[in-house]
Amino acid sequence: MKPSAAAITLLLATLIAAAAHAQPRAGTPTVLVPRAPAALAAEEERLVEALRIYTRDRDCRLVVEGDAPATLEGRAAADLLARARRADAALVVWVGRRSDGHAVYYVLGTVSGDLRETELAPAAGAATGFDD
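Numbering (this note's numbering), first residue to last: 1 to 132.
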């Protein structure tokens, strides 16, 4: 059984806030959130709200700007990493779709360049293709 999208958002936000707070950077750590495609607006809203809740009591800045890459093919990931480094962001977090169509959260560490993804579970009440 996959956890709900809300549970994943809560877990992801906690991990992101902790990681951003622990980054060895001068000044206030920044988390960059590029805007997701319109079809993922609800998932993005949950992510941004969770990040705001979990970063408001920490010395961490949340910046929501620009567009998320439609794909991570070619130069898209490198361009996003360069944009994040120019903004002095410790992490980049966004909602997107893998090539197989599944919605995922992406987390890109700007120091290491590591990219991680977490598949979103269907929202409550959404059709899953499984009989209950």
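It should be emphasised that the hints constitute simulated quantities derived from the structure, not laboratory data. Hints are not guaranteed to be accurate.
[Claimed, not checked] Pair ranges (Cβ atoms, derived): (1) Arg52 <-> Thr118: 27 to 37 angstroms; (2) Ser99 <-> Arg56: 16 to 26 angstroms; (3) Ala82 <-> Gly27: 16 to 26 angstroms; (4) Ser99 <-> Asp59: 29 to 39 angstroms; (5) Gly27 <-> Ser112: 12 to 22 angstroms; (6) Glu49 <-> Ala87: 18 to 28 angstroms; (7) Asp114 <-> Thr28: 20 to 30 angstroms; (8) Asp100 <-> Asp59: 16 to 26 angstroms; (9) Val111 <-> Arg58: 13 to 23 angstroms; (10) Asp100 <-> Asp57: 33 to 43 angstroms; (11) Glu65 <-> Val111: 12 to 22 angstroms.
Keep in mind that this is a model prediction, so the values were computed, not measured. Here a beta-carbon is modelled for each residue, glycine too, at the ideal position from N, C-alpha and C.
Structure-based check of all given hints:
{"no.": "1", "hint": "Arg52 <-> Thr118: 27 to 37 angstroms", "verdict": "violated (19 angstroms)"}
{"no.": "2", "hint": "Ser99 <-> Arg56: 16 to 26 angstroms", "verdict": "violated (35 angstroms)"}
{"no.": "3", "hint": "Ala82 <-> Gly27: 16 to 26 angstroms", "verdict": "holds (20 angstroms)"}
{"no.": "4", "hint": "Ser99 <-> Asp59: 29 to 39 angstroms", "verdict": "holds (37 angstroms)"}
{"no.": "5", "hint": "Gly27 <-> Ser112: 12 to 22 angstroms", "verdict": "holds (19 angstroms)"}
{"no.": "6", "hint": "Glu49 <-> Ala87: 18 to 28 angstroms", "verdict": "holds (21 angstroms)"}
{"no.": "7", "hint": "Asp114 <-> Thr28: 20 to 30 angstroms", "verdict": "holds (22 angstroms)"}
{"no.": "8", "hint": "Asp100 <-> Asp59: 16 to 26 angstroms", "verdict": "violated (38 angstroms)"}
{"no.": "9", "hint": "Val111 <-> Arg58: 13 to 23 angstroms", "verdict": "holds (18 angstroms)"}
{"no.": "10", "hint": "Asp100 <-> Asp57: 33 to 43 angstroms", "verdict": "holds (37 angstroms)"}
{"no.": "11", "hint": "Glu65 <-> Val111: 12 to 22 angstroms", "verdict": "holds (20 angstroms)"}
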